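> Each chain, letter by letter, is given below.
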Amino acid sequence: MNDVVLSVRDLTTGFPTPAGEIRAVDGVSLDVVRGRVLGLVGESGSGKSVTGFSIMGLVDPPGRITGGRILFEGQDLRGLDERAWRAIRGARIAMVFQDPMMTLNPVFRIGTQMIEAVKAHTRADTRTARARARDALGRVGIPAPDERLDAYPHQLSGGMRQRVAIAIALLHGPQVLIADEPTTALDVTIQGQILAEVQTLCRESGTGLVWITHDLAVVAGLADEVAVMYAGRIVEQGRVDDVLDRPLHPYTRGLIDSVPQPGARKRRLAQIPGRMPSPLELPPGCAFAPRCDRADAACARPPAFSQVRAEHSARCVHPLDDVPA
Amino acid sequence: MNAAPIVELRGVSKRFVRRADLAARLLNLVGAGHRDEIVHAVDDVSFTIARGEVLGLVGESGCGKSTVGRLVADLLRPSAGAVRIKGEDPSRARPGPEGLAVQMIFQDPFSSLNPRKRVRDLVGEAPLAHGMVRRDGLADHVAATLARCGLDPAYAGRFPHQFSGGQRQRIGIARALAVKPEILVCDEAISALDVSIQAQIVNLFMDLRDELGLTYLFISHDLGVVEHVSDRVLVMYLGRIVESAPAEELFAAPQHPYTRALLGEVPRLHRRKLAFAQVKGEIPSPLDPPSGCHFHPRCPHAVARCAAERPVLKQIAPGRLAACHLV
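If you read the protein sequences in the order shown, they are chains R and P. Under the working numbering, think of the first position of the first sequence as 1, with each following residue one higher. Under the working numbering, think of the first position of the second sequence as 1, with each following residue one higher.
Do not take every clue at face value.
What the hints assert, rightly or not - Straight-line alpha carbon distances no greater than 16 Å define the calculated EDC-like cross-link-like pairs of lysine to aspartate or glutamate that follow:
no., chain 1, residue 1, chain 2, residue 2
1, P, Lys180, P, Glu125
2, P, Lys180, P, Glu98
3, P, Lys86, P, Glu8
4, R, Lys266, P, Glu211
5, P, Lys314, P, Asp44
6, P, Lys180, P, Asp210
7, P, Lys86, P, Glu182
8, P, Lys280, R, Asp135
9, R, Lys266, P, Glu182
10, R, Lys266, P, Glu248
11, P, Lys280, P, Glu60
12, P, Lys180, P, Asp140
13, P, Lys86, P, Asp74
14, R, Lys266, P, Glu249
15, R, Lys266, P, Asp210
16, P, Lys86, P, Glu53
17, R, Lys266, P, Asp207
18, P, Lys180, P, Glu211
19, R, Lys266, P, Asp44
The hints are simulated quantities; they were obtained by calculation from the structure and are not laboratory data. It should be emphasised that the depicted structure is a prediction, and the values quoted were computed from it without experimental measurement.
Extracted from the complex, chain R is given alone in its bound form (with noise of 0.2 Å):
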């Protein structure tokens, strides 16, 4: 596809503890399309924050990118220094935190944030900015947008706040959106409501999308494609009909049954027997063979990540085929 906007090749992430290093993110690779938005999702600890902290350049030391490109128009982002990310991250490459108020100053107006952050790339003043800040207030919805302005972060309620959030991630017309959770903590006609908007905003803008969440409903009413991560690897990825309707990986399979299904009611849900391993003592093989059914001996090594079916791959020795039951 040529509409590739950022490619990520064996990005790896390690933290180092007094235990060892520990592996957040092992050997992933994903491509972010115009106008397309990619469900990256995972459990806590699986790896998908700190795949999107990575794009970003946002890795708190001691943590480091210890291998992998980060390839943005040409370009690999992991060469850059601070003055030359200055210039991209929040313009070309923008992301938007489950807690607004992470993006927010609680001490300034909105109006001050916005400007500054509309200054911080463009040679504005301070009328034009604002006047800027003010349309993107309106495009995600946000009523009386020159009211909200002059308001501090305290006096919106959260689901403003993450609107506030989201118009200045989409200030500079981003090429690419990284999206950690936004909606998690919102009620659900808030999180209809912002879905609604930020779909609409990147399809019509070309805006590459990365929605990282725990949630797979989420990620099937929004994403054109899924990758699941599991103790700090990509382990399925494909589009989104694919991995819901048909998945390859058990764990995936697993937490598609997880969730309770209208018709099913009062059954026991499939449950994932355990639960995912300490980075420090993740097994030599596959990661998630002690907890799946179908692991056998040859599950011992590392499984590849390979093409199953076109357009959906898969890091499993016995992926789940079609096979009727």
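Starting from the structure of chain R, add chain P where the hints point.
Structure of chain P alone, referenced to chain R:
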């Protein structure tokens, strides 16, 4: 339902008042007109739970669902109306060796367990204090309770921080079960857990119901899980019940416009490329709720009457109630 309900709320309201502070009261002396701020967290709510029933309670943040849970668990007293547990006022009940009627499971298994206590004390303290077990039988009681919740009794000497989130929630459930309750109030009890762990805890709740005949008030914003576990579901909006129906019927054919909107927003695995956003706007401030039907400013079907008159919760079909002028 032929037997008397195990839980009954009649016209229960809970108001939280923030008194005008000193500065406001001084300003009032010169006629500033500051008033006490009153939040009607729960506004004239009546419902019953039959013995052995799982009642789901759903709604958005600030709708009062947690306050209802706390009223049932007698952690809060109603400002008006009456709460009856097994026909009695819970504030008069004396805990005895036969057990405590209501226990609560909280959302956050990190903050609801005392980090300085070992599991055996967390689980064993209450039954000992209430004389349900003797000290020499305590270790066995704790071990049996832990095993019932899927925890290895050998872990009784550990501290909460040595467990994962899912295991901690199991400890919270064991602590509740240790005093032999008949009713469990689960307030977002699975919301903080990972998807694969949620399934384990949901299954545990269903097993416990079968084994112990427990009655549940299951409070959650996760409509998928509520649909899965509940017999009947109440929908709340700004302190009032707007709809009540058997779970299957509610999810198949919601009647109140708010319930319809809420269910329309739920992401589901089989819904692809959704057109989201069925409800406009946000939940209004409970300090200053809209007149008449609280939902009318966001309701696509609202008529003049909706702004003027509060709709009563009335029967619209056998076993189904809704508070809307239009259904």
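> Need the list of violated hint numbers for this structure, in ascending order.
8, 9, 19
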